[in-house]
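*Asks:* Residue-level listing of the chains:
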Amino acid sequence: MTDSSAHQPMIAADGLPLKKSLARSLRREKTRALLLIAPLLVFVLLTFIFPIGSMLFRSVENEIVSNILPRTVVELENWDATLGELPDEAVYAAFVADFVAAVEEKNHTRLGSRLNYESSGMSSLFRKSGRKVAKWNPETDGPFKEKLIKADKGWGDPETWAIIKTHSGKYTNGYFLNAVDMQRTPNGIEAQPESKQILIKLFLRTVKMSLIITASCILLGYPVAWILANLPSRSANLLMILVLLPFWTSLLVRTSAWKVMLQNQGVINDTLVWLGLVSNDARLEIINNQFGTIVAMTHILLPFMILPMYSVMQTIPPTYLRAAKSLGATNWTAFWRVYFPQSIPGIGAGSILVFILAIGYYITPEIVGGTEGVFISNRIAYHISSSLNWGLAAALGAILLVVVLVLYWAYDKIVGIDNVKLG
Amino acid sequence: MKFTKTLLATTALTVAAGAALAQDMTIVSWGGAYSKSQLKAYHEPYSAKTGVNIINDDSSAEAVAKLRAMNEAGNITWDVVDVVASDAIRLCDEGLALEIDPATQLAPAPDGTSAADDFGDLMVSSCFIPQIVYSTTFGYRTDLVGDTPPSDVCAVFDLETYPGKRSLEKRPINNMEWALLCDGVAKSDVYDVLATDEGQNQALAKLDTIKDSVVWWSAGADTPQLLADGEVIMGSTYNGRLFSVIEEQKQPVAMLWDAQVFDLDGWIIPAGLSEERKQRALDYIYFATDTQRLADQAKYISYGPARASSAPLVGKHADLGIEMAPHMPTDPNNAKNTFLYNYEFWADYRDDIDAKFQAWLAQ
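Chains as they are written, first to last, in our numbering: chain X, 458 to 880; chain E, -4 to 358.
One thing to keep in mind: the hints can contain errors.
[To be verified] Examples of chain X residues lying across from chain E (beta carbon under 10 Å, computed): (1) A648; (2) P689; (3) R691; (4) S692.
[Claimed, not checked] Derived coverage of chain X by chain E (criterion: at least 3 residues anywhere in the stretch with Cβ under 8 Å from a Cβ of chain E; other residues may be distant): (5) 535 to 542; (6) 565 to 571; (7) 649 to 661; (8) 717 to 727; (9) 832 to 842.
These aren't lab readings, by the way, just hints derived from the structure by calculation.
In this text, a Cβ means the ideal position worked out from N, Cα and C, and glycines have one as well.
Build the full structure now, drawing on both the sequences and the hints.
*Replies:* What follows is the structure, given as structure tokens:
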């Protein structure tokens, strides 16, 4: 009996080899599971992945230049921007033909705005020239080089044509370069002037401060979660309501309340001066700096840390601690070597939540952060709402997404993502 | 039979309700006291006159980005939008706002002056209908500035005579001009100097001398709160907010009008509306921007009407009963030394100088 099974494959009850039968039933399970989640998958694809994907795609898309100035872009390929000379008449003639068509379509100013992100002055150049050039006839009114330069001397500057040529490709890496404090020039990739280099600093500051906020949430949240998990359920429920209460108040109200507490003339400083611990002239600066941001953000994100930790701690049987103590462990050893490792999945889940939320926040840093506590998300918000440079905003967002994914991968390697539990 | 009757009745009601809904207009503004003044002076009289129901949306702070997104989606849900002039120029450049012909689409003044002449230089864009002139200016705590109250804007940079914190807006606009003015640049040269790298560095160097004493604000309500709490001894904000702090809340604050920077707030009509909605929006604009209406708004808020013909009609505050004319930024006593926001300059240089300003702030 023992050696016959080594020569023949196992047969299942319906006559097929066991391996095939097993594979088929596994496949059936998988298809059934897929069909069950199919509606959710379609929903997420349509409302989440496609829109965000299309927004992130703007970080490389640059069709506006070649769509509005098709002939000019072709002619400019023959011109060398690094020599510092003006392009020849063919380029000017092609440009006037394109520009007159653009003025009629009324999208020349849109192109001017786009190019203005690369060089200040382009938007008014296009706007003013539009009024003058609108009446020209591209077929009969040439030659155009002298005429265009007379209409506006900006067209007599090789810089203007260099900018158009450098940013004429359908897809561009210019936005991503800008996002890391570099720029695209006719001579290749160069660093931005030092007076404008801020984005890398903000990225580093955002990640660093989010890590600090996560750590302080762990330190402050763990004891609370422990108490919640170990108290009898009536008191635990009451405390739970107190933990959840901030969720039910508006974010702006909470942030403004911190302003009242932390200001120079605020509650904390007034109390310290009254107690005599701080002199009236040397009041503590605890707002409009990084400290204020950390305090306010920790307060706001604490429930997100406490709840996962609490639900994991609830599943840890209290008998293990008692068993450890009965085997001779001190209180600390029992906690550190028996209880704490079992609560790590909860810490992991809470940290991921808190970190990802902290990295994306911009309202609270805006209100209490002053200039030191500003996050990269403030710049993204500025570029979306005010400057309308959606390409740069998308590039910054894409980089932020990649940073978070890299940290997630690192977390997986160190702690293991299977070690994350929500309860 | 009963079922058919019910079905017919419900269909008739839905059609009627649909028709009633077609008489709605969505007008976007900034919220707060400003929206309230527009409600009293424009929306309520217009609804009474024509029966159109006006829905208010307070999204003007995000108007530019939202209009661009609406345009790309092909579904414009707003009919008339209140924006500041620089936003209107941006929207006009992007093709998102309708071009307006003042001769046919705006009301002439009662004495016959054409709308274009009545608005004068304030028609800064062909898509923009100015409504009010507001200014960004300084207020100071009368009890915290010592014996000599400040009389010109350079007091902000004078840390010896006026020690204490100031609050300035967290953006370069206005701050750079004031810094150059107080660093010895002549008023007529300010924008030429600011267009150069050296000029921008000069302005940032001057701001550097007070950087440690500045609290930076991003919302108009910040400075009044900071002044009331005594966190700062002087700070810049919109003049209407200071009016509210001084006259309505009775805080010990006074206005420093010197070198106030005028800015315009007004209407645009989004491009791409259906013909019916466009006509209704134009009808509303014709009514809401005529001489009497603009003067009416001044009864509720201390912003100056943009029309020259409205100025003599400005009367008293509707609730407080005080004369509004002395509180207007355009009043001759307050307007001895003013800047008009240089739209062309900032449309070109804003992104560039903002990057430098934010980098300087972050140091």
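*Asks:* Apply the coverage criterion to the region 717 to 727 of chain X and chain E: a residue qualifies when its Cβ sits closer than 8 Å to a Cβ of the chain, and three qualifying residues are needed.
*Replies:* Held - the region 717 to 727 of chain X has 4 residues with a Cβ nearer than 8 Å to chain E, which meets the minimum of three.
*Asks:* Under 10 Å is the threshold here; is the Cβ of A648 (chain X) close enough to any Cβ of chain E for the hint to stand?
*Replies:* A648 (chain X) check fails; min Cβ-Cβ to chain E is 13 Å, beyond 10 Å.
*Asks:* Are at least 3 residues of the region 649 to 661 of chain X within less than 8 Å of chain E when you compare beta carbons?
*Replies:* Holds: 6 residues of the region 649 to 661 of chain X have a Cβ under 8 Å from chain E.
*Asks:* Taking a Cβ-Cβ distance under 8 Å as contact, does the region 832 to 842 of chain X have three or more residues in contact with chain E?
*Replies:* Answer holds; 4 residues pass the 8 Å Cβ test.
*Asks:* Regarding the hint that S692 (chain X) lies at the interface with chain E, is the smallest CB-CB distance below 10 Å?
*Replies:* The hint is violated - S692 (chain X) has no Cβ within 10 Å of chain E, the shortest such distance being about 39 Å.
*Asks:* Are there at least three residues in the region 565 to 571 of chain X whose beta carbon sits under 8 Å from a beta carbon of chain E?
*Replies:* holds (count 4)
*Asks:* Check whether three or more residues of the region 535 to 542 of chain X sit with their beta carbon closer than 8 Å to a beta carbon of chain E.
*Replies:* Coverage by chain E is violated here, the residue count being 0 at a Cβ distance below 8 Å.
*Asks:* Verify the interface restraint on P689 (chain X): the C-beta must sit less than 10 Å from at least one C-beta of chain E.
*Replies:* With a closest approach of 44 Å, the P689 (chain X) hint is violated.
*Asks:* Tell me if the interface restraint on R691 (chain X) is satisfied: Cβ within less than 10 Å of some Cβ in chain E.
*Replies:* Interface hint status for R691 (chain X): violated (42 Å vs cutoff 10 Å).
In terms of the numbered hints stated before, the structure departs from hints 1, 2, 3, 4, 5, listed from lowest to highest.
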